[in-house]
Amino acid sequence: MTSSSALLDHAPARVHDPERRAGARVETLALTQASPPISADETPPRSPAVRAAVPWRPRSIIPGFGLTLGLTLAWLGLIVMLPLVALFARAASLDAHRLIETVLSDRVLAALQLSFGAALAAGLANAVFGSLLAWVLVRYRFPGRRLVDALIDVPFALPTAVAGIALTALYAENGWLGAPLADLGIKVAFTPLGVFVALVFISLPFVVRTIEPVLEDLSPEIEEAAACLGASRWQTIRRVIIPILFPALATGFALAFARAVGEYGSVIFIAGNLPMVSEIAPLLIVIKLEEYAYGEATAVAAVMLLISFALLLAINLLQRWSRRHMERR
Amino acid sequence: MVRWILILISLLFVGTFIVLPLVTVFAEALRQGARAYVAALADPDALSAIGLTLTVAAIAVPLNLVFGVVAAWAIAKFEFRGKSLLITLIDLPFSVSPVISGLIYVLLFGLQGWLGPFLSEQGFKIIFAVPGIVLATIFVTFPFVARELIPLMQEQGTDEEEAALVLGASGWQTFWRVTLPNIRWGLLYGVLLCNARAMGEFGAVSVVSGHIRGLTNTMPLHVEILYNEYNFVASFAVASLLALLALVTLSAKSAIEWKIGRGLKGRGH
Numbered sequence: 071m072t073s074s075s076a077l078l079d080h081a082p083a084r085v086h087d088p089e090r091r092a093g094a095r096v097e098t099l100a101l102t103q104a105s106p107p108i109s110a111d112e113t114p115p116r117s118p119a120v121r122a123a124v125p126w127r128p129r130s131i132i133p134g135f136g137l138t139l140g141l142t143l144a145w146l147g148l149i150v151m152l153p154l155v156a157l158f159a160r161a162a163s164l165d166a167h168r169l170i171e172t173v174l175s176d177r178v179l180a181a182l183q184l185s186f187g188a189a190l191a192a193g194l195a196n197a198v199f200g201s202l203l204a205w206v207l208v209r210y211r212f213p214g215r216r217l218v219d220a221l222i223d224v225p226f227a228l229p230t231a232v233a234g235i236a237l238t239a240l241y242a243e244n245g246w247l248g249a250p251l252a253d254l255g256i257k258v259a260f261t262p263l264g265v266f267v268a269l270v271f272i273s274l275p276f277v278v279r280t281i282e283p284v285l286e287d288l289s290p291e292i293e294e295a296a297a298c299l300g301a302s303r304w305q306t307i308r309r310v311i312i313p314i315l316f317p318a319l320a321t322g323f324a325l326a327f328a329r330a331v332g333e334y335g336s337v338i339f340i341a342g343n344l345p346m347v348s349e350i351a352p353l354l355i356v357i358k359l360e361e362y363a364y365g366e367a368t369a370v371a372a373v374m375l376l377i378s379f380a381l382l383l384a385i386n387l388l389q390r391w392s393r394r395h396m397e398r399r
Numbered sequence: 018m019v020r021w022i023l024i025l026i027s028l029l030f031v032g033t034f035i036v037l038p039l040v041t042v043f044a045e046a047l048r049q050g051a052r053a054y055v056a057a058l059a060d061p062d063a064l065s066a067i068g069l070t071l072t073v074a075a076i077a078v079p080l081n082l083v084f085g086v087v088a089a090w091a092i093a094k095f096e097f098r099g100k101s102l103l104i105t106l107i108d109l110p111f112s113v114s115p116v117i118s119g120l121i122y123v124l125l126f127g128l129q130g131w132l133g134p135f136l137s138e139q140g141f142k143i144i145f146a147v148p149g150i151v152l153a154t155i156f157v158t159f160p161f162v163a164r165e166l167i168p169l170m171q172e173q174g175t176d177e178e179e180a181a182l183v184l185g186a187s188g189w190q191t192f193w194r195v196t197l198p199n200i201r202w203g204l205l206y207g208v209l210l211c212n213a214r215a216m217g218e219f220g221a222v223s224v225v226s227g228h229i230r231g232l233t234n235t236m237p238l239h240v241e242i243l244y245n246e247y248n249f250v251a252s253f254a255v256a257s258l259l260a261l262l263a264l265v266t267l268s269a270k271s272a273i274e275w276k277i278g279r280g281l282k283g284r285g286h
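So the sequence lines, in the order shown, correspond to chains A and B. At position 210 of the first sequence (counting the first as 1) the number is 280 in the numbering used here, and the numbers step up by one without a gap. At position 240 of the second sequence (counting the first as 1) the number is 257 in the numbering used here, and the numbers step up by one without a gap.
If you are wondering where the hints come from, they were derived from the structure by calculation, not from laboratory data. Warning: the hint list may mix true and false statements.
What the hints assert, rightly or not - Quick list of the computed label-pair ranges, beta carbon to beta carbon: (1) A159(A) x A56(B): 44 to 54 Å; (2) A272(B) x S289(A): 46 to 56 Å; (3) N248(B) x E361(A): 24 to 34 Å.
Said to hold, decoys possible - Covered stretches of chain B (in silico footprint by chain A; criterion: 3 or more residues with CB under 8 Å from a CB of chain A, positions within the stretch not fixed): (4) 33-46; (5) 54-68; (6) 120-127; (7) 153-160; (8) 176-186.
All residues carry an ideal CB built from backbone N, CA and C; glycine is no exception.
Build out the structure end to end from the sequences listed, making use of the hints.
In structure tokens:
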């Protein structure tokens, strides 16, 4: 009994005394029957040398590690890893000369350029307007604030095909926004500009949602201190707020960019899809698949995936850097 | 003063980019009146698309729910090496374009794929049939529940479970009576997002489905087919159902956030 209450007392901290812990464990196991019962004289070895040879995770009384980890790895392996391995195996089995020829062909280059270029532009636009939106939502009170906050998530929840046809109808030359823009001589639908608009729509929530928590945690005292020390509003923004926001902003931008690059459904309706002009890379993959040119489709997909993986790595590194940077403060 | 200008700009931005497209969906759907709207939805192909969408979601969401809980338990309750690699792998479907998500299944199960010829000899048709659609949907909605639960369970720690075990509960009892009630709102949140994505997925399903009307068309694919035939009212009618689903998802999401105290805090001036 004393051992189990000792365990309760020490539950949050890791007890480093191997003997005490081993002793407590035996009692607990016997009590809970969470694992097959160990007889009292089968106490775990107490010498440090044996403990050093312990497996790759510390012991825990919580059951189910093997089962849950096994299931997780199995599901992950079947659904995610196996198909991805198939993709890379296929890409690796391609004739290297043909692979490079495909990827460097004019049409593919134009498509990649449009996909990545429009995504970059949309990410930047969202970085600016998303920061503004996050600022307004966190710092100011106005009627409808909660509604606007809920609306920010619409591009995230709305199916991409629905977004695609809605944006096309809106920006077509007889649409609600397209008509006045056409009068000004700006054609949005069926041009690369339409691609840009669609990408701004679907990547909007990422920047806002990444910045909001940081802004919420930003205490007004910092700004007040800066004002007390004589900084103008603009100086405060430039030297105090933006450096604090920058890691989150960069992360949000990267997330928005990654989403925009791969976007298919919202873009193909408004894009016009003319090869070399307004054809995005995912559409090119689909076209090659329909022509049964599996090899070429794989090549383009592999290039896109490599860039996406690089982005994921960059996001992870950015987050780690920003966390370390913030902790140093 | 500056404040109101900024608020105005933000409202204009949100209004132009978010509200207008939403309104357009419903306006276009009802352009020819309510009767045309209902007729479009009662069309047999539309009904079978709705049925297929519901079926796919009914399979994919529970599977990913179970997986999400299992993965979150393994990750949050235990310390082991390689944990961050595992989390990165779980996040993988998020960073992959939907078209590529479909492509990888075609490469695996298509007629020129690895397992395709073998399976079709056994009589299993995966690509260009419903199983392929289910698989692609499972892939893209894979991380939602896990991503929601992992930080939540990590925050909650293992104290309560350890206490329950010490007091004599078995593993299953601990899970059902201690863990599950603690995570129920996060779980619901994750399931909502998973479901919204499962029903609305377009790119991945488009690649694997073969677009066979009445058989392998989900609602988003049906929207595309109708739109390409210039049947705008019908297309927007089906789209409006999906938009309604999105709005319901968002309201439920806001309700849950309000309930657990997340979302915008009160601070403002």
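*Within the region 33-46 of chain B, is the number of residues with a Cβ closer than 8 Å to a Cβ of chain A three or more?*
Coverage by chain A holds here, the residue count being 10 at a Cβ distance below 8 Å.
*Does the region 54-68 of chain B contain three or more residues whose Cβ lies closer than 8 Å to a Cβ of chain A?*
violated (count 0)
*Using the C-beta atoms of A159(A) and A56(B), is the stated range 44 to 54 Å upheld?*
holds, 49 Å
*How does the coverage statement for the region 120-127 of chain B fare against chain A, requiring three or more residues with Cβ below 8 Å from a Cβ of that chain?*
holds (count 7)
*If you check the beta carbons of N248(B) and E361(A), does the distance land in 24 to 34 Å?*
Given range 24 to 34 Å: holds, Cβ gap about 27 Å.
_When I compare C-beta atoms, does the region 153-160 of chain B have three or more residues closer than 8 Å to chain A?_
holds (count 3)
*According to a criterion of three or more residues whose C-beta lies within less than 8 Å of a C-beta of chain A, is the region 176-186 of chain B covered?*
holds (count 8)
*State, for the Cβ atoms of A272(B) and S289(A), whether the hinted interval 46 to 56 Å holds or is violated.*
For S289(A) against A272(B), whose Cβ atoms are near 29 Å apart, the range 46 to 56 Å is violated.
The earlier numbered hints that this structure contradicts are 2, 5.
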